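**Q** Produce the entire structure from the sequences given, and follow the hints as far as they go.
As they're listed, the protein sequences go chains R and F.
Numbering follows this note's numbering, in which position 98 of the first sequence is assigned residue number 434; successive positions increment by one, without gaps.
Numbering follows this note's numbering, in which position 20 of the second sequence is assigned residue number 27; successive positions increment by one, without gaps.
For the record, the hints were derived by calculation from the structure and aren't laboratory data.
Any given hint might turn out to be false.
[What the hints assert, rightly or not] Simulated crosslink set (DSS-like; lysine-lysine; CA at most 30 Å straight-line):
| hint | chain 1 | residue 1 | chain 2 | residue 2 |
| --- | --- | --- | --- | --- |
| 1 | F | Lys18 | R | Lys408 |
| 2 | R | Lys405 | F | Lys55 |
| 3 | R | Lys408 | F | Lys234 |
| 4 | R | Lys408 | F | Lys63 |
| 5 | R | Lys405 | R | Lys487 |
| 6 | F | Lys85 | R | Lys405 |
| 7 | F | Lys170 | F | Lys55 |
| 8 | F | Lys18 | F | Lys63 |
| 9 | R | Lys405 | F | Lys234 |
| 10 | F | Lys275 | F | Lys234 |
Everything numeric in this text was worked out from a predicted model, so none of it was measured.
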Amino acid sequence: MTTGPLPDAEQLVAALIEKMRGNVAPDTGLIGIVTGGAWLAERLHTALKLEVPFGTLDVSFYRDDFQHKGLKRKVAPSDIPFEVEGRDLILVDDVLYTGRTIRAAMNELFDYGRPASIRLASLVDRGGRELPIAAQFVGATIEAGQSVELKRDAQGRLSLALSID
Amino acid sequence: MFLTSNPQLNKNGELHHLLSIEGLPGEILLQILDTAESFVGVTQREVKKVPLLRGKAIFNLFFEPSTRTRTTFEIAAKRLSADVINLAINVSSQSKGESVLDTVANLAAMQADMFIVRHSQSGAPHLIARHVGEDIHVVNAGDGRHSHPTQGLLDMFTIRHYKHDFHQLKVAIVGDILHSRVARSQIHALTTLGVPEVRVIGPKTLLPTNVDNMGVHVYHDMAKGLKDVDVVMMLRLQNERMQGSFLPSPQEFFKFYGLTAEKLALAKPDAIVLHPGPMNRGVEIDSTVADGNQSVILPQVTFGIAIRMAVMSILAGN
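**A** Below is the structure:
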């Protein structure tokens with residue numbers, strides 16, 4: 337397996353914004369998945385000048401690996417400050433991999449109401465899907481086999497780093 | 008005595024049964040409080056349900072009557088999407104002569120995943136925990152005079168919610184300590200979590216002998232015992248567990264140990280008042296205090312659901 341240099345996260349954010357601009361109505365609800373997706377949703381929300389505040393989702397209570405991994409210690413409260421019922425939504429995550437997180441997020445969202453539609457935006461797609469889930473907006477596709485995660489420094493700059501699965 | 012194995016923990020040192028607070032490391036108590044914090048958010052949503060325990064069968068085995076505890080366990084299990092079966096055993100098999108272990112073996116054969124046990128005999132949940140299969144979890148919902156760990160935990164959650172830090176607090180537990188499993192659980196939890204000063208206040212007849220061995224300060228006078236405390240934890244007078252004469256009369260008990268606004272004024276001005284319920288108004292607590300702005304008795308009930316959700320999901324995940 338070759339592991340080339342990781343792409344620059346800030347450039348990917350800029351690329352993602354360009355792909356979304358013009359395709360996202362101002363009353364669309366952005367929902368970032370904690371924690372990397374929430375940082376990204378904040379950036380996209382500002383750049384796309386959306387009318388409604390963005391939401392955040394911690395999907396821990398909806399994960400399908402609870403039986404194997406148990407519950408993490410601190411689950412952030414999900415915060416969706418707008419009506420989900422009948423709204424077009426975009427789920428935002430940092431790394432798209434098996435698709436299981438997105439499945440959990442969709443299950444949780446339906447506990448808040450019935451959205452008109454849900455699309456998916458992801459900073460990177462690392463392949464390896466185990467469910468029929470695809471992103472409508474992707475910053476970059478990276479080599480399969482690389483486990484990466486998003487980091488944020490004190491100045492709010494985003495970067496990608498290799499991580500252990 | 009040095010215990011080589013704690014029946015509540017699995018071989019990885021994780022919680023497998025919740026039988027008593029005694030013997031649990033502070034780290035596990037904090038894990039339960041932190042997890043409960045996460046569930047408070049869930050219970051404030053429109054859909055107060057998460058799918059964590061979907062398909063699990065949880066049996067509420069109540070060998071002794073209870074409304075609040077049974078209901079909050081039932082609500083907690085339902086909010087985790089488990090299937091809950093309520094059994095009031097005093098009116099069922101026991102009256103036909105079946106032993107506790109036979110009852111439990113039968114329910115285990117019905118593919119139970121968790122037993123919530125309330126029993127008038129101290130140690131009954133331990134006995135059940137020793138006899139169930141490895142994949143079944145047992146939660147003590149109150150046994151005799153011994154222990155009521157989820158009540159102790161929800162009290163700790165309530166104290167942390169209002170006072171934030173355990174390490175500066177003076178806490179007084181007032182009333183019938185002798186018959187109270189709640190008091191025992193509270194004392195173990197408070198000392199484990201680092202509360203520097205735990206006081207018990209009550210008449211000599213209602214305090215266990217050697218209670219000071221549990222690391223508490225003993226008072227028989229409310230005026231001295233309540234002075235400058237941050238938290239007042241009232242207990243119910245356990246009339247149903249008293250055989251013989253422990254008290255001249257409930258009126259006399261109220262005169263000396265009932266919490267009135269006057270006595271509460273001796274505590275710190277921002278002291279909070281807890282009570283595990285059900286309350287005997289005019290016996291251990293005056294209505295002006297129970298319904299007053301220092302009372303956190305109803306928030307205790309709400310937090311109790313989050314605590315029980317946390318305990319059940321931690322057990323099921325281990």
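**Q** Does Lys55 (chain F) lie within 30 Å of Lys170 (chain F) when you go C-alpha to C-alpha?
**A** Within the cut-off at roughly 27 Å; holds.
**Q** Checking one constraint from the list: CA of Lys408 (chain R) to CA of Lys234 (chain F), max 30 Å. Satisfied?
**A** Violated - the C-alpha atoms of Lys234 (chain F) and Lys408 (chain R) are around 41 Å apart, more than 30 Å.
**Q** For a C-alpha distance cap of 30 Å, please report whether Lys275 (chain F) and Lys234 (chain F) respect it.
**A** Status holds; Cα separation ~7 Å.
**Q** Given the hint that Lys405 (chain R) pairs with Lys487 (chain R), test it: the Cα-Cα distance must not exceed 30 Å.
**A** 23 Å, holds
**Q** Take a quick look at whether Lys405 (chain R) and Lys55 (chain F) sit within 30 Å of each other, Cα to Cα.
**A** 23 Å, holds
**Q** With a cut-off of 30 Å on the C-alpha distance, tell me whether Lys408 (chain R) and Lys63 (chain F) pass.
**A** Distance ~20 Å between Lys408 (chain R) and Lys63 (chain F) Cα, so the pair holds.
**Q** Within a Cα-Cα threshold of 30 Å, do Lys18 (chain F) and Lys408 (chain R) meet the stated pairing?
**A** Judged against 30 Å, a Cα distance of about 20 Å means the pair holds.
**Q** Between the alpha carbons of Lys18 (chain F) and Lys63 (chain F), is the straight-line distance 30 Å or under?
**A** 23 Å, holds
**Q** Would the hint linking Lys405 (chain R) and Lys234 (chain F) be met if the CA-CA limit is 30 Å?
**A** 47 Å, violated
**Q** Taking only the CA atoms, is the gap from Lys85 (chain F) to Lys405 (chain R) under or equal to 30 Å?
**A** 22 Å, holds
Consistency note: the structure conflicts with the earlier hints numbered 3 and 9.
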